[in-house]
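Novice: The primary structure of each chain is shown beneath.
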Amino acid sequence: MTNRQIIYSLLFLLGTGSPLYSQRYIAEKGQISFYSDGAIEDITAVNNNVTSLFTGSTGAVAFSVPIKDFEFEKKLMREHFNDKYMESTRFPRSTFAGTITGYSMDASGAQRVRAKGKLTIHGIVKEIDVPGSLEVRNGAVLVKTRFTVLIADYGIKIPQILWQNVSEEIQITVDLTFNQK
Amino acid sequence: MRPLIAILFSLIVVSGYGQEDLLNELEKAQGEQTDYAIQTFKGTRVINGHSIETKPGGALEFIISHRFGTLNSGSYNLWGLDASTIRLGLEYGITDQFGVGVGRSSLDKSYDAYLKYKLLRQSSGVRSFPFTLTVLGSTQYKTNKSGADEGLSTSDRTSYSFQALIARKFSPGFSFQVAPVLVHRNAVDQNFFVNDLIALGLGTRARITRSLSVHLEYYARLNEKENNPNFDALGIGIDIETGGHVFQLVFTNTLGMMERIVVAETNEDFWDGDIHFGFNITRTFQLSRKARSAGTDW
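If you're matching them up, the sequences are chains A and B in order.
Residue numbering for the first sequence follows my numbering, beginning at 1 and increasing consecutively.
Residue numbering for the second sequence follows my numbering, beginning at 1 and increasing consecutively.
No wet-lab data here; the hints were simulated from the structure.
Computed from a prediction, not measured in an experiment: that's the story for all the values here.
C-beta: ideal position from N, C-alpha, C; glycine also.
Do not rely on the hints blindly, as some may be mistaken.
[To be verified] Using C-beta positions, here's what the derived DEER-type ranges look like: (1) A/Ser133 x B/Leu60: 57 to 65 Å; (2) B/Phe170 x A/Ala152: 28 to 36 Å; (3) A/Asn48 x B/Gly273: 55 to 63 Å; (4) B/Leu216 x A/Val125: 38 to 46 Å; (5) A/Arg146 x B/Val178: 45 to 53 Å; (6) A/Lys157 x B/Ser75: 37 to 45 Å; (7) B/Val214 x A/Ser133: 48 to 56 Å; (8) B/Thr209 x A/Val125: 50 to 58 Å; (9) B/Arg127 x A/Gln5: 45 to 53 Å; (10) A/Ala39 x B/Gly137: 39 to 47 Å.
My request is simple: use the sequences and hints to build the entire structure.
Specialist: In structure tokens, the structure reads:
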């Protein structure tokens with residue numbers, strides 16, 4: 001390439017890749033909760049320490065969830081969750097990397113969108129495609145979704161002797177509020 | 001052609017800045033955290049003695065411990081199952097690190113009470129520390145009025161113990177504990193025993209499956225008189241954990257379920273077959289929903 005072409009390229013890069021145009025957003029105290037509808041005991045856990053990045057221009061989104069930060073009603077459950085099921089010493093974080101489609105950054109009100117990408121739980125990566133909502137409000141971007149995962153898909157085994165009965169299907173709720181970076 | 005190459009070049013660079021890079025950026029932004037070791041032991045006891053574990057803040061544990069007679073007592077006694085020694089205990093977590101417990105043993109009709117504080121926690125990551133240290137102070141009082149214990153004064157019935165419990169979870173499957181202990185008895189026959197007995201407790205946990213582990217525990221007395229008739233306490237056990245319960249099935253040569261008897265008054269020989277089958281069963285109840293937490297990290 002000639003010098004001129006390199007300059008063109010750099011100019012182009014500046015135009016498309018600059019923070020101003022790519023609309024980069026961050027959510028630092030996002031919330032993810034899950035719910036297990038057991039036969040004997042319902043289990044809910046909330047994590048308020050989710051960090052997420054979102055690029056408004058491309059729809060690229062990623063979040064990371066520290067497993068140890070899930071809070072349960074019973075503290076012992078949290079220890080079992082980390083020690084026996086999620087093995088959080090080996091797999092300290094669950095992550096998602098994907099794309100949100102079907103929205104306009106200029107529209108007002110909640111928009112129905114889809115998020116597609118790779119969800120990693122317990123070290124196992126699965127492609128997911130889930131519905132959700134996105135709303136641009138006062139410069140912030142609100143993203144919500146609720147979907148279910150099968151714990152068997154992610155190699156998490158529940159021992160038969162556990163009569164407190166953990167459900168095989170876990171409902172996950174994601175609630176993120178992004179602010180411009 | 002040339003501008004097209006330039007555009008393509010740009011697109012490649014820009015599209016490279018996609019989802020995966022966001023994820024990498026995230027990991028960098030979050031940085032390394034401090035990861036505290038949890039469940040070094042499943043229960044608050046290794047076998048007869050304490051483990052480093054305390055109850056979480058607001059959690060109450062009910063412990064029923066049983067020791068039957070010795071296996072070598074023959075079929076007439078159903079290998080010990082006819083005889084039974086029991087301790088009923090409660091342990092409550094005031095914070096995640098600080099606990100208090102009370103208990104009552106049928107042996108010598110004894111009451112015991114203790115305070116347990118997790119001083120240092122094993123951690124990795126930003127703040128890294130190699131082991132967990134829990135300190136334990138307990139007092140025991142025997143109310144037994146029969147036999148030689150008939151005329152004992154209140155002071156003579158009382159004993160104390162102080163213990164430092166040091167443990168490391170080497171891997172999810174293996175934990176090891178070293179626990180020096182001092183047992184002070186106000187009244188002993190000084191021809192055979194010392195008032196201040198020092199012993200070194202060793203304990204270990206090896207995981208078989210996620211809910212099942214094997215435990216070993218040994219208390220070596222270090223300064224007892226040569227001519228004392230007692231033995232070091234040795235125990236081997238299986239831990240089964242299910243939700244809020246821990247079942248420990250144990251084989252041991254002591255009837256003690258608190259420090260004084262385990263460390264200082266074990267009078268049977270494991271290697272001679274004086275082995276008691278027994279169990280500890282615990283049930284944990286979470287009393288307060290939002291308990292005060294001394295540690296904010298997890």
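Novice: For each hint, tell me whether it holds in the structure or not.
Specialist: Structure-based check of all given hints:
1. A/Ser133 x B/Leu60: 57 to 65 Å: violated (43 Å)
2. B/Phe170 x A/Ala152: 28 to 36 Å: Check passed, 30 Å falls within 28 to 36 Å.
3. A/Asn48 x B/Gly273: 55 to 63 Å: holds (57 Å)
4. B/Leu216 x A/Val125: 38 to 46 Å: holds (40 Å)
5. A/Arg146 x B/Val178: 45 to 53 Å: The hint (45 to 53 Å, Cβ to Cβ) holds, given that A/Arg146 and B/Val178 are roughly 49 Å apart.
6. A/Lys157 x B/Ser75: 37 to 45 Å: holds (42 Å)
7. B/Val214 x A/Ser133: 48 to 56 Å: holds (51 Å)
8. B/Thr209 x A/Val125: 50 to 58 Å: violated (26 Å)
9. B/Arg127 x A/Gln5: 45 to 53 Å: holds (51 Å)
10. A/Ala39 x B/Gly137: 39 to 47 Å: Given a distance of about 43 Å, which is inside 39 to 47 Å, the answer is holds.
Hint check: violations occur at hints 1, 8; the rest are consistent with the structure.
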